[in-house]
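Engineer: Each chain is listed here by its residues.
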Amino acid sequence: MSDGSMTIGAAIAPAGATRRTLPAHGSRRTYSAYALVTPAAALMLIMLLGPLAGVIALSFTDYQLGAPHFSWIGLANYRDLFADKVFWTALRNTLAYVVIVVPGAVIAGLAIALLIQSGTSLRSLYRTIYFLPVMATLIAMAVVWEFMLHPQFGLVNGMLRSAGLPAFAWLQDRSTALYALCAIGIWQAVGFNMVLFLAGLVSIPKQLYEAAEIDGASSGWARFRLVTWPMLGPVTTFVVVISGIRSFQVFDTVHVLTKGGPSKSTEVLIHTMYTEGFEFFRSGYAAAITVVFLVFVLLLTLIKSRLADRGVHYT
Amino acid sequence: MSNAHPIPFRAILRHVLLIAGAALMLAPFIWMISTASKPQTEIFSSELHLIPYRFALADNLREAFAKANLLRFLLNGVIVTISIFVLQVMVALPAAYALAKLRFLGREALFALVLFGILIPPQATAIPVFLMLHKAGLLDSYAALVLPFTISVFGIFLMRQFFKTVPDDLVDAARMDGISEFGIVWRVMLPAAIPAVTAFGIFSVVAHWNDYFWPLIVLNSEQLRTPPLAVAHFRNNEAGTSYGPLMAAAMVIIAPLVIAFLFAQRRFIEGITLTGIK
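Residue numbers (our numbering), protein chains in the order written: chain F, 125 to 439; chain A, 24 to 301.
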């Protein structure tokens with residue numbers, strides 16, 4: 125959840141930027157204004173904007189924590205990075221994770237929201253149940269998942285065996301480990317997406333459905349295609365981008381369950397960055413990985429604002 | 024998707040599908056409670072059963088609390104999340120008020136920076152902030168856990184949007200009464216903004232209670248561990264031997280937020296939808 129607050133605001137940013145009512149101002153009030161914003165502005169500079177500039181600058185140095193001096197080495201970190209097989213593995217795994225988790229969590233979230241909203245009974249009970257994984261500490265639940273996926277005593281293999289299906293060593297097998305992490309990722313994200321879709325569904329005016337019905341859209345599918353889906357456009361775009369950014373940041377489950385293994389099959393960008401930066405203390409090199417990560421995240425945000433501008437989902 | 028004459032079949036299908044999905048979502052919780060209630064011999068048996076033959080929840084809990092100082096870790100979680108939230112409000116509210124209601128040179132630029140700051144993912148600034156804390160000798164302390172999060176640009180943005188909707192008359196009336204601008208923030212705006220502050224508080228506390236990345240980076244000492252770190256260490260130390268106590272520990276760690284959520288689930292979900300879609 126730590127990233128949610130950072131990204132959510134971006135999507136709604138344009139909403140408030142238009143209206144402004146300014147009171148008459150005196151110099152004392154202006155003085156107060158500066159006093160009021162100074163702590164926030166200073167902290168923003170020290171904890172956010174400064175470090176952001178810092179990470180970019182660091183990526184052009186060979187700085188290592190504890191080393192007596194460092195020097196500017198231009199693009200050498202990036203050259204090393206792009207020549208490193210581990211980096212490409214991490215990038216490929218991260219993209220695979222995103223490509224699996226985003227559609228999974230978005231489609232499931234939408235389906236659940238539609239199902240809940242299509243009736244009136246037990247709505248809040250279902251909503252609570254599906255939202256529970258969002259609230260539960262992911263690290264704790266990851267440990268539970270690990271036991272559920274235990275090759276010998278786990279629930280998953282136990283059920284597979286009793287159904288006469290082959291069992292797997294999920295997290296210890298390089299061909300299944302990443303998919304197991306994806307499943308945990310989807311399980312955790314579905315409820316959050318569902319809540320956003322529910323809010324979107326509630327805000328669709330009832331008259332639109334009535335109008336669609338008059339125009340001959342009698343089946344549930346026709347109403348979904350003509351009213352629900354187009355009206356949910358902005359919410360869907362938003363949910364897709366949020367899910368994408370969050371999936372890109374995948375770290376917790378990887379670090380506690382697989383450490384990127386077996387044989388790098390679950391190595392992901394932020395985990396590589398963590399290992400280089402905070403285990404080997406190669407700050408400059410880790411900063412270069414961070415910059416690559418940042419480019420992808422900002423790219424996602426950019427795509428989102430482009431889509432929103434063109435209103436692609438309305439057509 | 025409202026149907027004027029619901030066909031019973033469709034209503035039944037809705038429940039069947041939702042219950043199947045709910046079972047999937049709840050499976051880890053149920054399995055966690057089940058395992059935490061089983062003695063060792065029942066856990067390490069390849070025959071699946073949900074309800075233990077012999078209940079051992081108390082034993083497992085006792086062992087979990089004996090092996091790890093869980094109470095201390097929970098207390099750390101409370102100290103850190105509450106400190107972060109209180110400081111975030113103290114920093115964000117005055118700035119949000121000035122951005123919403125006062126005119127000053129640089130206001131637009133500052134607001135633009137706030138919007139830009141929202142886009143920066145927390146992992147992006149980790150290395151420089153870590154180096155700064157290292158230089159300041161603050162690593163491995165509560166300060167290292169709290170200080171980087173005292174500024175919440177999202178909080179500023181959220182509160183500024185909310186303050187925009189507070190009528191100017193209210194502010195002017197307070198000024199007539201001789202309340203200073205600083206006083207207005209805490210005595211007029213804060214009471215008016217309680218719903219927004221609550222929503223933001225839920226968001227902030229959930230995020231930082233569950234955070235693993237940052238405590239992992241800055242902490243070394245066992246006695247400072249936050250709940251997620253505690254579970255991870257518990258798991259690493261026990262290395263697949265005592266699942267009963269491990270599941271019991273996981274239960275204890277997720278309990279505070281899950282119980283709070285179950286009691287005020289509408290508020291929690293509202294908090295997140297309010298911050299999700301305006």
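The hints are simulated quantities; they were obtained by calculation from the structure and are not laboratory data. Treat the hints with care, since some could be wrong.
As the list claims (entries may be wrong) - Footprint (simulated), chain A over chain F, 3 or more residues, beta carbon under 8 Å:
1. 197–208
2. 220–229
3. 253–264
4. 289–303
5. 399–410
As the list claims (entries may be wrong) - Quick list of the computed label-pair ranges, beta carbon to beta carbon:
6. A/His38 with F/Gln331: 27 to 37 Å
7. A/Arg126 with F/Ala181: 49 to 59 Å
8. F/Pro358 with A/Arg290: 22 to 32 Å
9. F/Pro329 with A/Ser244: 17 to 27 Å
10. F/Ala200 with A/Arg210: 17 to 27 Å
11. F/Glu403 with A/Gln63: 30 to 40 Å
12. F/Ser343 with A/Arg210: 48 to 58 Å
Backbone N, C-alpha and C fix where the C-beta goes; we use that ideal spot for every residue, glycine too.
Engineer: Against each hint, give a clear statement of whether it holds in the structure.
Structural biologist: Hint by hint, here is what the structure shows:
1. Under the rule that three or more residues need a Cβ within less than 8 Å of chain A, the assignment of the segment 197–208 of chain F is violated, with 0 such residues.
2. Residues of the segment 220–229 of chain F lying with their CB closer than 8 Å to a CB of chain A number 0, which falls below the three-residue condition for coverage.
3. Residue count for the segment 253–264 of chain F with a Cβ under 8 Å from a Cβ of chain A: 12. That meets the three needed, and the coverage hint holds.
4. For the segment 289–303 of chain F, the stated coverage by chain A is not satisfied: 0 residues place a CB nearer than 8 Å to a CB of that chain, which falls below the threshold of 3.
5. Residue count for the segment 399–410 of chain F with a Cβ under 8 Å from a Cβ of chain A: 4. That meets the three needed, and the coverage hint holds.
6. Take A/His38 and F/Gln331: their Cβ atoms lie about 29 Å apart, and the range 27 to 37 Å holds.
7. Checked against the given bound of 49 to 59 Å, the beta carbons of A/Arg126 and F/Ala181, roughly 35 Å apart, lie outside it.
8. Take F/Pro358 and A/Arg290: their Cβ atoms lie about 25 Å apart, and the range 22 to 32 Å holds.
9. Evaluation of the 17 to 27 Å hint for F/Pro329 and A/Ser244 yields a failure: the beta carbon distance comes to about 56 Å.
10. Roughly 57 Å separates the CB atoms of F/Ala200 and A/Arg210, a value that falls outside the hinted 17 to 27 Å.
11. One distance hint, 30 to 40 Å for the beta-carbon pair F/Glu403 and A/Gln63, holds here, with the actual separation near 34 Å.
12. A hinted range of 48 to 58 Å holds for the C-beta pair F/Ser343 and A/Arg210, which are about 57 Å apart.
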